[in-house]
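**Student:** Dock chain B against chain A, hints included.
As they're listed, the protein sequences go chains A and B. Sequential numbering from 1 applies to the first sequence in this note's numbering. Sequential numbering from 1 applies to the second sequence in this note's numbering.
Just so you know, the hints here were simulated from the structure itself, not pulled from any lab data. Heads up, the beta-carbon is just placed ideally off N, CA and C, and yes, glycines get one too. Among the hints, a few may not be true.
Calculated Cβ distances over 10 Å to all of chain B for the following chain A residues [to be verified]:
{"hint": "1", "residue": "ALA13"}
{"hint": "2", "residue": "PRO131"}
{"hint": "3", "residue": "VAL294"}
{"hint": "4", "residue": "GLU386"}
Restraint ranges, calculated between C-beta atoms of paired labels, are given here [as the list claims (entries may be wrong)]:
{"hint": "5", "chain 1": "B", "residue 1": "GLY141", "chain 2": "A", "residue 2": "GLU213", "range": "48 to 56 Å"}
{"hint": "6", "chain 1": "B", "residue 1": "GLU295", "chain 2": "A", "residue 2": "VAL268", "range": "21 to 29 Å"}
{"hint": "7", "chain 1": "A", "residue 1": "CYS378", "chain 2": "B", "residue 2": "ASP150", "range": "40 to 48 Å"}
Protein chains: 2
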Amino acid sequence: MRVDAARLRASLAEFAQIGATPGGGVTRLALSDADRAVRDLLRRRMEEAGLAVRVDDLGNITGRRPGAESGPAVLMGSHLDTVRQGGKYDGAYGVLGALEVIRTLNDAGVSTQRPIEIVDWTNEEGVRFEPAMIASGAVAGRFARDYVYDRTDREGLRFEDELRRIGYLGEVANRPGPAAAYLELHIEQGPVLEDAGAAVGIVEGIVGITWSEIIVAGHADHAGPSPMGLRRDALAAAAGVIAGIEGLGRETEGAVSTVGRIAAEPNVINTIPGRVVFSTDFRHRDHAVLDDLVERLRTLAATTASERDIEITVERFWTSEPTPFATDVVEAVAAACGDTGVDAMRLWSGAGHDAKYMQDIWPSGMIFARSIAGLSHCEQEYSTPEDLAAGANVLLHAALRLAGPV
Amino acid sequence: MRVDAARLRASLAEFAQIGATPGGGVTRLALSDADRAVRDLLRRRMEEAGLAVRVDDLGNITGRRPGAESGPAVLMGSHLDTVRQGGKYDGAYGVLGALEVIRTLNDAGVSTQRPIEIVDWTNEEGVRFEPAMIASGAVAGRFARDYVYDRTDREGLRFEDELRRIGYLGEVANRPGPAAAYLELHIEQGPVLEDAGAAVGIVEGIVGITWSEIIVAGHADHAGPSPMGLRRDALAAAAGVIAGIEGLGRETEGAVSTVGRIAAEPNVINTIPGRVVFSTDFRHRDHAVLDDLVERLRTLAATTASERDIEITVERFWTSEPTPFATDVVEAVAAACGDTGVDAMRLWSGAGHDAKYMQDIWPSGMIFARSIAGLSHCEQEYSTPEDLAAGANVLLHAALRLAGPV
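Isolated chain A (complex conformation):
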């Protein structure tokens, strides 16, 4: 059994028209008019596929295909909101890939033991309402409903009010699940599959992330009259630490380290910087390795500070724990890759997804499709129709294995 690649492609193109940007991408912020339009279209397409559609108190839209049994469902989904000037695939691919699975099962007349549900999660991106993945997080019990409802956008508009305005404020009883398994299909958002020549990724988990802020306090001075040996240059010190942070990521198997943000003071051409503040983002699948990376950063900072007679402080201010996916679900995805004969590889997701919170409450897993140059969150985001079909076929067979054909 295989999905209809042309139908999937047409479906993605149809949905990408809503919020389409002149540059070939999509802007469809959560709970905007564009979000209402895309939700209306999804509901219509779900109903046409025979799904029983329900909307919950967070705006999550769930469509249900009954199973031979009435127990927990196999849940598949992702999100239809996007960043500003985002791409056509981030999120939409997971929702429409799941819809394509339903259509394929319908066409083949295949029933499953377990019910199958597909879900469109509200506000995954976190661009309009922070934090990201707020609605899946609320379903998983990470966020209280009142907290979600009181989130405001830049204009001060409340999440609950906007949800009601677009007509998608439903009932708590309509939340997705309970689920025997959760599957999320997504484009990779990175270059690993392309680099390895694999069309599909078997995602073993979502890495942990820890963020620190590093403050380098030296001494601002005229660039001219201060000889090199008498300087306490905060930016020269920071440069050494930043190079060292890159080294920490390179030396540590499976880790990445990034300095994304930097600011120097007074930041003028002819003054030695007296103060530099920069950030570090460490990611790894193992919490202990994250701790170790931060410890090594502290050592590096202390050594640099001592050598240069300046102060460097490292404040670790936020951590997201690593989330290994459920073995049964990961192995079902791996087996589905075998079923479909696709070139696949195992990897971890470096970015967060709704599946992170789903794994809190239900056995979860993800499937990645190769993304050209690893681009995402931009209008140039692109995956070939062949790779998109390959990922959807893996979703189909993984869902069949988890839901059990009758």
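**Tutor:** Then chain B, alone, in the frame of chain A:
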């Protein structure tokens, strides 16, 4: 013969009251009301010292003490404008030190062969009207008068209009000079004298400066899904170049190198920077060494770019030539150090001063007084009364040597 240290100290304190800041410093921007007030006070004190005062078309105030001969004068001076929240000594010390020399000569009844003139240069700092040292530069022929007159401040107010408003728009015939020699007394603005244990510096010249802008163009990506080996991280690349630039300054005798300004894009914690722009300031007394430093920077940039598969461009956009002072004047200053028995050392100025432009047209030299911790352009700027007196005594004896006692 020695200056009156207490009178010099009182004079500095009196002038520091005009534009005094709560933090113990001075804000006296060029052609402001505070500048008018301090000019009025200077004129009064000049006249009380028996000087014939004149104001030129650029607002420069010159006071003349006749000599036995009527030929070129020995000119001494500096400036009374300050940066925002500047110190009490930068500029004022050179003007009031010169005034103290006149008072000392008067008290001792000493006449000189050559006339002696003292000058307060307009807008040395360049904070309100760019560029810095605009009025001495105009006297030296670097800037046309119309160019100076049309300079505007942030509010769009013109130099000429502000000069007229404060009542200091004089005649071109009243410019200072012609001068047989120009002497400028100034606090060091750096830590070299303090580090060496010397009270006074014999300044041999003003270093050349060359500025470049470096643009590092890598590729912005999610911090998570991009493995270390597949990144084109502009900030990690920049860090290596910045460390190398510090090395260039350290390896090169008499050179300083500074990266003062940096900006990363998109500058968010969880995105690999795709673009970084930063500046370099190289200083050295020898033009050929400046050229060599820029060449070595270009090589460093090219090597880094090649290793990391990114683009780095180096644009050298501004150079101020090195200015060695006239040997006769430097040796007169050195001899005056011997006359007064002060602990002195020879050094180059790392910062620009009006003496740079004076050297274009008249034999010039400078005298530095030790500055605690090398602080300047801040309210904490401080030199001891003893060191200030020592510098003024060197000015006195250098002026006597150059003007010739009768």
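**Student:** All hints are to be evaluated individually against the structure, with a verdict given for each.
**Tutor:** Hint-by-hint comparison with the structure:
At the 10 Å boundary, the C-beta of ALA13 (chain A) stays outside the reach of chain B, the nearest C-beta of that chain being 25 Å off. For PRO131 (chain A), the shortest C-beta to C-beta distance to chain B comes to about 13 Å, beyond the 10 Å cut-off, and the non-interface label holds. Distance check on VAL294 (chain A): its Cβ is at least 15 Å (rounded) from any Cβ of chain B, clearing the 10 Å threshold; non-interface status holds. GLU386 (chain A), annotated as away from the interface, keeps every beta carbon of chain B farther than 10 Å; the closest lies near 21 Å.
For the pair GLY141 (chain B) and GLU213 (chain A), the beta carbons lie near 52 Å from each other, so the given range of 48 to 56 Å is met. In this structure the hint that GLU295 (chain B) and VAL268 (chain A) lie 21 to 29 Å apart at CB holds, the actual value being about 25 Å. Hint check: CYS378 (chain A) to ASP150 (chain B), Cβ distance near 45 Å, so the stated range 40 to 48 Å holds.
Checked against the numbered hints given earlier, this structure breaks none of them.
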